[in-house]
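Number of protein chains: 2
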Amino acid sequence: MILSFKPSVAQQKDMMIRIAEIEIIPEYLEEYKAILKEESSASVKIEPGVIVIFPMYQKENPNQIRLLEIYANREAYEAHLKTPHFQHYKSTTLKMVKSLKLIEMSAIDPETMQEIFRKIK
Amino acid sequence: MILSFKPSVAQQKDMMIRIAEIEIIPEYLEEYKAILKEESSASVKIEPGVIVIFPMYQKENPNQIRLLEIYANREAYEAHLKTPHFQHYKSTTLKMVKSLKLIEMSAIDPETMQEIFRKIK
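Protein chains in written order, with this note's numbering: chain A, 1 to 121; chain B, 1 to 121.
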């Protein structure tokens, strides 16, 4: 089930936007990416309030993972933390993570966000 | 004119994904954000090969700007650099930028990217 989410500019004010900066212990990298992939995919598919979890790694330093995360609001994020797929991700990857920084962001241009949503539909 | 872009997983292999880390000299911050907003908005609207330019700032350190940029391919990016709106952005903001890091990224899960595109439509 894919739940559609096309937020208005007003709704975007409630959104929680974050960049996660995660460094993985090299020996666990492939395993970590497989678990992360499963978790982010499930979150986007199942949770209507998870708008974007977009996992990437730095080409020149693949142990450096970056996630762009966008939640509909703080409640959607809190609910996300309680899901079985997030709990599984968190407990299995804890030992693989060398460092973790969660950086709260604000969108500079909510209208362009709308534009992007319209464009990639 | 909004040009729709719904890339297949195959097309996503050509995509250029980048995080720009930009620190702005505080006195120029508001002016910089206004110019950036204009430029990113124009790029997403006018250029079919600019899939995402999503500008953000760190809530706790607003001089720290982050951009998620996704281009259809390397050619789309090269064409973007030659547009009047990018040229205007670059020339007017040069003196405002304290530091600039362009970090090439890879998507960990192209299918979830598809999922996100479908979801926010």
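These are computed hints drawn from the structure, not numbers from a lab.
Incorrect hints may appear among the rest.
[Said to hold, decoys possible] Each computed DSS-like pair below joins lysine-lysine, with the alpha-carbon atoms no more than 30 Å apart:
1) B:Lys59 to A:Lys13
2) B:Lys101 to A:Lys98
3) A:Lys101 to A:Lys59
[Stated by the list, open to error] A few chain A residues that face chain B, going by a derived Cβ cut-off under 8 Å, partial list only:
4) Glu23
5) Ser41
6) Val52
7) Phe54
8) Pro55
9) Lys59
10) Glu60
11) Glu75
12) Pro84
13) Phe86
14) His88
15) Val97
16) Ser99
17) Lys101
18) Ile103
19) Ile116
We put the CB at the ideal spot given by N, CA and C, even for glycine.
Handout entry: Enumerated hints in conflict with the structure, sorted upward
Key = Numbers 4, 11, 12, 13, 14, 15, 16 and 17 - these are the hints that the structure violates, sorted from lowest upward.
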